[in-house]
Amino acid sequence: MSASRRVLPGFNLTLGYTVFYLSLIVLIPLSALFFKTFTLSWEQFVTAVTSPRVLASYQLTFGAAFLAALVNSVFGLLVAWVLVRYRFPGHKLVDALVDLPFALPTAVAGISLTALLAGNGWVGSLLEPYGINLAFNRNGVVIALIFIGLPFVVRTVQPVLEDAEQELEEAATCLGATRWQTFYHVIFPSIAPALLTGFAMAFARGVGEYGSVIFIAGNMPMVSEITPLIIIGKLEQYDYAGATAVATVMLLASFALLLLINGLQSWQRQRAGALP
Amino acid sequence: MSGAPQRHHARAGTTEPAGVKWSLIGLALGFVFLFLALPLAAVFTEALRKGGGAFVQALQEPDAWSAIRLTLWVAAVAVPLNLVFGVCAAWAIAKYEFAGKAFLTTLVDLPFSVSPVVAGLVYVLMFGAQGWLGPWLQAHDIKIVFAIPGIILATVFVTFPFIARELIPLMQSQGTEEEQAAMVLGATGLQTFWYVTLPNIRWGLIYGVILCNARAMGEFGAVSVVSGHIRGQTNTMPLHVEILYNEYQSVAAFAVASLLALLALVTLAIKSLMEWQFDRERLASADLPPERPTAASPLNRVTP
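So the sequences go chain by chain: A and B. Just so you know, the first sequence maps onto residues 1 to 276 in this note's numbering. Just so you know, the second sequence maps onto residues 277 to 580 in this note's numbering.
Treat each hint with caution, since some may be false.
Claimed, not checked - Quick partial rundown of chain B residues pointing at chain A, CB under 8 Å, derived from the structure:
id: 1; residue: Ser389
id: 2; residue: Pro392
id: 3; residue: Val485
id: 4; residue: Val501
Claimed, not checked - Between beta-carbon pairs, the in silico distance windows are:
id: 5; chain 1: B; residue 1: Trp408; chain 2: A; residue 2: Tyr86; range: 20 to 28 Å
id: 6; chain 1: A; residue 1: Glu162; chain 2: B; residue 2: Thr321; range: 30 to 38 Å
id: 7; chain 1: A; residue 1: Ala192; chain 2: B; residue 2: Asp339; range: 49 to 57 Å
id: 8; chain 1: B; residue 1: Val360; chain 2: A; residue 2: Ala192; range: 54 to 62 Å
id: 9; chain 1: A; residue 1: Val74; chain 2: B; residue 2: Ala375; range: 37 to 45 Å
id: 10; chain 1: B; residue 1: Glu453; chain 2: A; residue 2: Gly16; range: 21 to 29 Å
id: 11; chain 1: A; residue 1: Gly90; chain 2: B; residue 2: Thr382; range: 57 to 65 Å
id: 12; chain 1: B; residue 1: Trp349; chain 2: A; residue 2: Ala256; range: 44 to 52 Å
To be verified - Some residues of chain A that are not near chain B, with every Cβ distance over 10 Å (derived):
id: 13; residue: Thr14
id: 14; residue: Pro29
id: 15; residue: Phe38
id: 16; residue: Trp42
id: 17; residue: Ala56
id: 18; residue: Pro101
id: 19; residue: Val123
id: 20; residue: Leu127
id: 21; residue: Ile132
id: 22; residue: Asn139
id: 23; residue: Tyr184
id: 24; residue: His185
id: 25; residue: Gly218
Because the hints were derived from the structure by calculation, they are not lab data. All residues carry an ideal CB built from backbone N, CA and C; glycine is no exception.
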């Protein structure tokens, strides 16, 4: 490609500006977080990130994000399947609506879901007689994260399903497979990497999510308090060291998830390339 | 694909019985209705619960107005900054090969996976009173955190990858042949970009800009950390929604929220229109000789 570097101008300028802007906006501020953390002693750090209230918040944050990503994997695959394979009235509308969680501000999603699920809301009032409460507790956290994560699964699985070669399915049918066997042994393996990528993306987004969750969670310490809210709480008490320590744990989790997603995506590309 | 009769023939092996098909459609539609359509409808019905008068009144509050103005300002600064970066990053990454390219691409994606609250916090640590530059800024009477510059910075951070993410795969799929041809024919670098590259990437560019704008206007977590919540001064629309909601002014909160929901709907509508336009152009270019590269639709991919 050195030929094209000679022909096309602007390499130094655009790469230089990219690195400069990236450092200014992302890298230097993120490194400020690590430097601040290193001013803490190891004991201070461990005490801050393993206090019972913080541990309970990890459990809720990661547990709820995992559950929500799991639900989204099932229903996201279903929605992607229905959008790719079938035509029905309102098809285009549903396809457009799937992106709503990307476009709708999280605070709006939060208050709207709360209004729906609270005891006097459309859905909440139907469930209350049965003793089911979905707002102001852990259930609410999972529901908010399902809303936030759905498009990640649908939009990663959808293009792979579109590209899937139907000849393989025909071959399976000709060889005597039932439709379910064809799905399980032929279609599912080809979309599994994409599905796992979508799962990981929905999970990563759910772990960091703040706006939609705090309205519906009830935010009771030890019960329904998510980790980002712990950081905000510490900041409001001017406990910068504690906030920084917990934020470092979250940032490390983000890095790990980013690496995982990158790995999954390259696996997915290899899979796509290996197909005939 | 081949003609209609063959396709009809092939169908038996690649589709489900009608009962299964319609059950799956019903299940999927039920899920979409419960989790997407209902929350969207609830925003507008809650906003109009006490009639149009209360709705309009809520939007005429001076605090609501200043929140709307601030939100527009923040987006007007943050989106162009990320647009320039997005085009530069996509040009460098898509048009050249260099060591560390994969690493750079990962770093561009980094803000997507950082929690918005952490994003806000890092700016407080940089520019806050106890931060790196805090004493110096105080000595020179410059306020960044708990003021508008901090809100803009936090917004730039969370919307950082949107436009670059749209453009990089699109420009990679288009290669460099057309630009090289333009250069050989004597065009300058800027002319090549303006007349050759830009028309090729315009749909991806517009799409990235509207998504970036929607997120910039709607960002809550990061902005919440750096804003300081001063009514009428450092409250953006999402923060104003939170304050009203916590003060049990439900109608007013949903009235402001409905403006943001409208923004989301407009964003989705523009996106769908462009997808349609892009598909049409792709079909048209498919009729041209094969050496013209045809990109797969860049629009239906994941960009949180």
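Hint check against the structure, violated hint numbers in rising order: Structure breaks hints 3, 5, 8, 11, 12, 13, 14, 18, 19.
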